[in-house]
Every structure is written in C-alpha cells, then in structure tokens.
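Residue numbers (my numbering), protein chains in the order written: chain L, 143 to 559; chain P, 143 to 559; chain G, 143 to 559.
Keep in mind that the hints were calculated from the coordinates and are not lab data. None of the hints are false.
Remember, identical chains collapse to one label, so a pair may be satisfied in a single copy or spanning two.
Calculated lysine to aspartate or glutamate pairs in the EDC-like style (CA-CA distance at most 20 Å, straight line): (1) K461 to E340; (2) K380 to E234; (3) K463 to D341; (4) K380 to E155; (5) K412 to E541; (6) K221 to D236; (7) K411 to E553; (8) K491 to E234; (9) K529 to E541; (10) K337 to D460; (11) K411 to E541; (12) K221 to E234; (13) K412 to E553.
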Amino acid sequence: MNETATLAAQQVELTHAIDTVWVALCAALIFQMEGGFALLEAGFVRSKNAISIIAKVMIDIMFGGVAFYLVGFGIAYGKSNGYWAFDTGIMEGDLGLGLTISNSLFWFIQMGFAVAAISIVSGGVAERMKMWSYAIYVAIFSAVLYPLAANWVWNPNGWLALRGFNDFAGSAAIHAMGGFAALAGAIVLGPRLGKYNEDGTANAIPGHNLTLSAVGAFILWFGWFGFNPGSTLGAVGKWDLIGSVATNTFLASAAGGIATMLYTFIRYKKVDITMVINGVLAGLVAITAGCNVVSPDSALIIGFIAGTIVDIAVVVVDKMKVDDPVGAVAVHGVNGFFGTIAVGLFSQKNGLFITGESAQFITQLIGVSVISVFSFATTYAIFMALKKTMGIRLSHKAESAGIDAVEFGVEAYTTFE
Amino acid sequence: MNETATLAAQQVELTHAIDTVWVALCAALIFQMEGGFALLEAGFVRSKNAISIIAKVMIDIMFGGVAFYLVGFGIAYGKSNGYWAFDTGIMEGDLGLGLTISNSLFWFIQMGFAVAAISIVSGGVAERMKMWSYAIYVAIFSAVLYPLAANWVWNPNGWLALRGFNDFAGSAAIHAMGGFAALAGAIVLGPRLGKYNEDGTANAIPGHNLTLSAVGAFILWFGWFGFNPGSTLGAVGKWDLIGSVATNTFLASAAGGIATMLYTFIRYKKVDITMVINGVLAGLVAITAGCNVVSPDSALIIGFIAGTIVDIAVVVVDKMKVDDPVGAVAVHGVNGFFGTIAVGLFSQKNGLFITGESAQFITQLIGVSVISVFSFATTYAIFMALKKTMGIRLSHKAESAGIDAVEFGVEAYTTFE
Amino acid sequence: MNETATLAAQQVELTHAIDTVWVALCAALIFQMEGGFALLEAGFVRSKNAISIIAKVMIDIMFGGVAFYLVGFGIAYGKSNGYWAFDTGIMEGDLGLGLTISNSLFWFIQMGFAVAAISIVSGGVAERMKMWSYAIYVAIFSAVLYPLAANWVWNPNGWLALRGFNDFAGSAAIHAMGGFAALAGAIVLGPRLGKYNEDGTANAIPGHNLTLSAVGAFILWFGWFGFNPGSTLGAVGKWDLIGSVATNTFLASAAGGIATMLYTFIRYKKVDITMVINGVLAGLVAITAGCNVVSPDSALIIGFIAGTIVDIAVVVVDKMKVDDPVGAVAVHGVNGFFGTIAVGLFSQKNGLFITGESAQFITQLIGVSVISVFSFATTYAIFMALKKTMGIRLSHKAESAGIDAVEFGVEAYTTFE
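Could you put the whole structure together from the sequences, leaning on the hints where they help?
Quick look at the structure:
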C-alpha cells in the first residue's frame, strides 16, 4: 500500500518533469522566433534602416519582456473578473489552469507569446518611427493591452474562454492583436517618404537583403513548431494532440506557400518570393487558432486560403495608402482574423462546414472582432497621444538619412576591406 | 491490484509522452535543416541566383511535403510486399513498427527526412534549372522515389530491412538517394555556361556570400543532433543509445572537418574553407548509417576518411565534367555510399574490421548500391522526359541574366541606401 | 510485490529517459551557440577577416572537441585529487555525480561547454593571429586548461566544489576562464595594425556586417536557454528549478540590454547597438553562475549592473591599449567575474545582501579569482612559447591584405553578379 502510494507520488513527479521538458524547450523555440522577426524585417527594409528594425525587435524583447514580468502577467493570469485582473506575486500559487509546470516556466512561455505579439507591430512602423516613442508603446502594449486580450481568451475566467472561444495558440490573441495594432500604428505614422506619388500611385520599396529575410523566415518557420505544439502546455495526456498539431501546422504552411506561388505566377507571370514567404507565414498564422481541432485536410485548405488572402490583402492595404513595409497587417492581422473564424468553419467538433452548426463560428467571429477593434482603437489612441507629446515620427531629414545613422550612428554594412 | 493496474496504465501514458516530446523536438530540428540547405547553397552560388536556390528549397518543403502527405507516406509505410506499398489513410492504425508515438507525429518526422533527401538535389541543379520543371520533379521524388527507398530500408516488411540492412538515420535512403539523384540531374542538365572551357579545363565559380553559407552550415550541423539521435523514435528503453549516437555524430563531424583542413592545406598550401564545411558535412553524412552501432573511436575514423574522400570526390566529379555547384554528389552521394558500407566495416556487432565477419558488409554494399543505381536511373529518366516535354533548362540569355531576375523579378541585394 | 518491483524498475527507466531527452536537447542548443559565436564575431570584424574568424570557431569545435574527447574529459571528470585527474576510459563507470544520463551524453553536453569556453578566446585574437598556432592553443586549452577549471568547480572532489562554490552553468569556469584567456592572448599578440595612433588615441574599427552579428547574437541568446537550464543535468526532481532558471536567465539578459541602451544614450546621445548586443550577452554571462539561487528581481538587478559594467569595461580595456576586437574580455571576462561574485551577494540561501552572511561571497571571490589568474597566466605563457617558436602573428603585409586572402585564398563576398 505504502509502496503503491510512493509509486503514484513518483508518477506525479515524472509528469511534472515530462511536461516541464516539453514546455521549456518549446518556450525556447518560441523565444528564438524573435530573431526571425528581426531578420525577416531587416531584410525587407532598406539597408539604411536595417539596424534600427533589429533594435526595435530587441526593444520588443527587453522592454516587452520586463513589462510583462512587472505588470502584464498579473493582468493576464491573475484572478480575473472576466475582463481583467490585477494581481502581483502570481509566480507562486495556483492559477486555476491545471498546470503541471511551475508558474515561472508558464511565465517564460507566455512572455514568448507576448513579445511575439508586439514584434508584429515593429514591422508596421518600420523605417520612420522614433525609437524611444516606440519603446514606450512597447511597454504599454506588453504591460496592459496584450495581457487584456490574453485574459479574455486564456484566463480560466475570461469572458471568451467561458464562451468556448477556441484560439489554441493565438491567431486572435497574438496575431490579430499584433496585426491590427500594426495597422493603427501605420495609419497614424503615415507613409514613408516617397512611398506614394502625388497622383496616388505607389512606389515599390524593395527589401535590401532577401537572403537575410530568408534566414528570418526559416527561423520563424522552425519556431512555429514550438509555438503551436507547445501551446498544449504539457505532453502527458496530450501526446496524441502534439502530433496532429505539428502535422496541421506544417500542412497549412506548405499550402500557404504553394497558393502564393500559384497566385503571383498567374497574376504577375513571375513568382514573388517575398510574397511566398508571406504566404507561408499566412498559412502558419491562420492555422494557429485551430490546429488542435481541424483535420489535416482542413489544414491544407485553411493554409491555401490564407496564402491567397494574403496576396489580396497586401494590395488592398496598399490601395488604402497604408504603408505597411513588411506586410504585417496582411500576414498577421487579416490572416489572424481569418484563422480564428476558420475554426468555426472547419472544427471537427462543431465547425459549420463539418457539422452544420453555427454557434462556434459566431463565437469565433465575435471574439476576433472584439480583439481586433480593441487592438486597433487602443493603439490608435496611444499613438495619437504620443504624437502630440513626444512625437512619433522622425524628421524628414532624419528619415532620408536613415535611422541607423541618425539614432544609432552606424552603418549596417561596411564591406570595403 | 486495481491500483497497480492503474499505475501500469499511467506508465504507458508517460512512455507515450516522453517519446512524443523527444520525437516532436527532434523532428523540429530536422525540419529547420531546410533553412540550412537553403542558405548553404545560396551562399555557394552567384548572387544573381541566390533567391532562386532558396525558392527551390522552399519548393522542396512545400511540394515535397504535400506530396509525401498525399501519396508518399502510404508508399513508404503502408503494408509492404517487400518492395512497395500503396496505402492511404495510414494516419490511423498500427504500422507494425512498434511505435509509441502517434502516426501523425511519425509522419511529421518522416516528412523531415523526405524533404531533406530532395533538398540535396536542389544543390546539384543550381543556377540553371527551370523552376516549374523542378517543382514537378520534387513532387515525383517525394511521392514515389524516396518513399520506395524508405520502404525497402525502414518498412518492417522491406526487403532490405528483412536482410538486416543497418541504415540508422539514412546514409543510404536519404543521402545516397539524394546525392545520386543530384548526379543524374546535373548530368542531364549539363554544366553552367562558362564552367568548362573549350580546352577541357574548368573555371572555379566562387560562391557569392560565404558568411551566408556558414549560417547554413551551422544550422545543418545543429539539426543533425535531431536527425541522428531522433532516429531512435523514442527515448524510453533507448536513452543510452541516444547518448552514444550524439557523441558519434559529433566526433565524425569534427574528424571530417579536420581531415579536410589537413588535406587542403597539404595539397593546396591554403585551407579551403568551403571544403572544410563540406568535410564536416561529409563526416555527418558518413556516420548517419552507423551511429547506432559503431564505437566513438570508429566514428572518428569514419569521419576522417569521409573528410578525405570528399576532397577527392569533388575533383573527380569535376574531371568528369559534371557541374555540381555545391558539391552535393561528393558530400551526400559518395559519402552516403561510404557511410553505409562503413557500417559493415566498423559495426561493433558484425563489422568486418571488428569481428572479421563479412555478411553485414555484403548486405550494406548491396543495399546502398541498389538504392544509388535506382535513384540515378529513375532521376535520369524523369529528367530526360521533362527535358523532351516542358524543358528543364533556362535559355542561355536567362541563365546569363540570372534566375532571380528572370523567374522572380528581384535582386537579392539592393544595399544602395 | 513483484508487480510493484516491476513498476519501480520501469520508473527508473522513465527517469533515465526523461533526463536524457532534456539533456540531449539542451546539449544541442548549447552546441549551436558555436554558430552564434562565429557569426557574431564575423560581423564585428572587417570583411577581409570574416572567413578567418568563422574558421577559428570551427577550429574551436573540431580541435577543441576532439581534444576534450581524447584527454580533457578524463582530466575534468576522472577521479580527482581535488586539483586534477588523469583518467581515460571514463565513458563507462560511475563518475560520482549521481547522473541519470549516460556518460556519453554527459560528455556531449560537457563538450559543448568546453568549446564555448575556447570560442570566447577566438574573439580576442581576431584579425591578426596565425591559424595553426591558434589550433595548437585550442587543443591545449581544451585538453588541459579548461578541464582543470571544470575539475575544481564541478568534479565531485574538486576543491572549489567541496568549498560550496556555486557556479551553476559556468560564469567562472567557462566565461571568466575564456575571457581572461582572451585578455592574455590579446596582450601577447598586440593590437591590430592601425588600431592605436602614435599619440595614444584609438581608432574605432567598425564591424563590416552588423546584421550578420545580429544573427549570431540571436543564436547565442536562444542557446542560453539550453546552457543555463540544461545545467540541471536532468528534469526529474528539478522541474521547478528549470522554470526559475529560464526566467532568471531571460530577465538578466533583458535588463542587461536595457542598461546598455540607457548608458550609451545618456553618455553618447546615440544608442550603440553593438554595445546593446554586448549588454544582453553581459547580462547572460553574469546570471550564469547564480541563476539557480537568486530571485527574479535579483536577476533583473544583476543583469542591469552587468549591462552597465560592460560599457565601462570596454572603455577601460581600450584605454589599456589591449585590442579586443569583439569585446570578449569585457563581456565574458569581467562579467563572468562579476556574475560569480554576484552569487555571494544575491543568493537567496546565503547572499550577503539577502542574508547578511559573507562566507559564500568570500568563496565566490576566491574561486573566480583563482580561475581568472590561472587562465590568464597559463594562456600568457603558452602564447609566449608559441610566439618564440612557430610565431603567432601574421606578417604586417598579410594582416593588411586580410587573413581570408592569405590563409584561405577566398573573399567572403563576391556579390558582383
């Protein structure tokens, strides 16, 4: 009797250990996606701003991570009234999530999600925003805005969680949240000098180093296999789910890239590699909400649609004269939105196309709409407030010279000897 | 009694969870090797073709991965008659492999192997092949050719598996398979413009960005510690093996690099860093078949031989006027072949040099010979068929201008402002 | 009875498997940090020496790894008299460390630490050292010098281990060890041509490719989440510790980067991105010794101090006319020293600032002082011996031309077509 109790206790210990190994390593994969954001964006902008965008992603990590430690975590996962919490000291105690990992490890993986969300914004404001204003926005976003969305979606008492909203790894809470914030930021900032002509036409501003962007894209693609499967927050009792999440994640990404290859080839007679990268990312973003509840075949379909949507969305954003240098709105905002409602269409449990039921679809639509509007509106307000106080945009002279020279005093490349 | 049954059941669950964590993360490491292939190859070619080769590796992933999902997996791991299978719907059900992970996770790691095999080919056809012809070949290779080799070697009913062929992580089924396909492709395509002079001498065409190649090499090196140890497909009952596989993998890679340093220094008075990278990879390729059965000291020897062979093989391939821009044939083909037979020489269980027995050596020789010839012949035929129908090679004008401009309409680098 | 014994035996097996999965993957993360060292350093030097520094890091891996296999491991973890050991064949048998992983896996992770230590030195001797002399030094360092420090700190019989010295993942044994060796090497070699003017002023020699350095920095940052948490050497019984180690590691890195942003902005009116990267690394180095025993708030403080110290240390080293091209002394030497004594200040158990006790602080101070002096003195002597025999420094003509051309016969970049 005593022996079996000892064995049972040790099994609990083993469960903790297994789930910790899983989450700690997935969290590391999620964290390294920051390098992906930084290098993808750096390659997509002009060389005179390459260092500045890497610095902005470092600010996402450093200011965002510390703000999420000091304030945000308690807002997201403290005792919620359904809309928000304001707890401190929750590194100890039961968060009501049935966790088998320590709260500090849970913090570490959640911090990875938080800085991923804010890193989406860095792309939308590239090549023209002042560094310190951006740092202040990062702190506010990571301390308050993102944690509120996380509270609604993932806190056991969150109003969307209680409605059965399914946003497994964050198409809504992370990607739509970040993407619509990027939209607001890009609108308030206005377009880069020389982006739009007086007659209303747009000029393409090609990225300076596409092999660097490819480095970033591969890092992000890799990291997504921590991002989505790691959202199980454990392996014991969920090992079957991990396999299907990984498979769905892959299939959607491949289908997204293929869709973009075909779309750009048919439409423009050349394959647009920048868009193929964005198509892969669009597939990844779109499957993020539903990778736990859709079939592999549905994952292929979701990815293919996402890879088509992103091509159209990039053009629409550009037509609206919103200058989004790396496509953050189209990739993360629009496809975060699509991916969230796709759960309501393709879920094996209650998707409209699979079972004919519409309740889940409506919940998904409500949830992602509220998050998107919330993110857009609050970011718009904060950017306007910053604009009227410390200013958000570099002078025309500084913008022409490049942020790297003006704010950092360096050139990214001096390959002369 | 009931309690012990519960405990036993929970132990089974824990075993599933542990093995899933292991395989899911190793599979992610294997998948990220694609970034390694892309960047290594991109750096080794001219800048005018850098984007095109990255696109080809993305095609490997996207077309290869989807083809392996739709068709290939069932051919490789369905109910085999010893030579092939044609099953669909094997995401459920017992594959006869004694797996403790889900079939979908098994698919995910096998997909990583499949796209690694085809990515080897992308290097051999660099800088002159049409994109869509390549995409068709990728789909055929990943749907049929590679799965047949995998069936022979790893399907429980495969004729080589039944003979006791030891190809632990795929020196034969992946590397020789990919390397000899690359050879056939390079032959049918013919050399790049300007590679060989009329008097028969060859011109070196140096890579445009060796730091980028180094990024790729380090990614591949890293990923190999998922590739080889992950081929255990589980950790419970195999934890001791994981350690020796990792150690053997490292030692062979180091010895391969050292051999190449010494060889190129002695022969050319300068260390050829491109070849040192290839020497490291050659050591990794060569230990891949036998990392589970050789001693660490043998791993050092195998790596050292591989690092020497690769130097000679590159020269021989060049003398044959086969233009293999990144050394895919020498690294993967020749050393995949060598590594497979090295099992028959150095295996602790039955290697010719260790035990004096020759049976395993003969099995290894037969297996890798059949796979190499099969891969070469089928690829040759498919390339010839594609050549006579839609064409495989860019026009001379397009090749001179560069694939990036012609098929993608971009320049990799525009570092002007 | 028999059933519970079977279950208990299987639990032991599961424990081995879990701990193996954890350590094998953390070891892979640690290994891939070598790519981080190589690319960070390559970007920080001039393009004419970019390949040579990557080659030096490959030498760290290849010569260092093999030397640690053949000799070093036995010196570090053989039967110690408190100061050294000289055992061979310790791939089998009990090392007295209570390991639940195989000795070969333990070797693999320890090899990662050994090559990390020597890779620090490659930065200090950049742009002027002869390759083969460096290779010899690498072999000696990895076979003897580093293993002696590891013996003192981590061997169960090591004199520092017995004193209760807390150097969890190696601020002293790895970072101070490597950093003070880099200092000695840089002093004996002398400054690069053109670094210091006749009037004593210094010239900045900016790095040629800061986006490449960023790639390296993100790789290192990622890898640290294997480096520190992986030093638990297992997860069973330590899962709680893993979470707090990861959190502390992150917070110190973020605080280090923020401190450097503020310091360089206040002092120079521009944010120095090179120093921000070094600030992040300084935070990581400093938390490495104590990440297992300090609180998250203390981790923030330690990181913030480290990020300030590194700015001052870089200036001081430069004032001493020691030419340390990538800041290895300031990042790893000075902050490895600081991080080790910070354990004695901030440890929850016995830190001077937390508990008022000074015993641990004194032990920390003694340990890191002895290691730093030992590393400096032995490296100084070996460099002097090499200088007088085969020479350590390239001719002025070769140095002006660049090591890549002279020793490797290549250019890193030929982006002309």
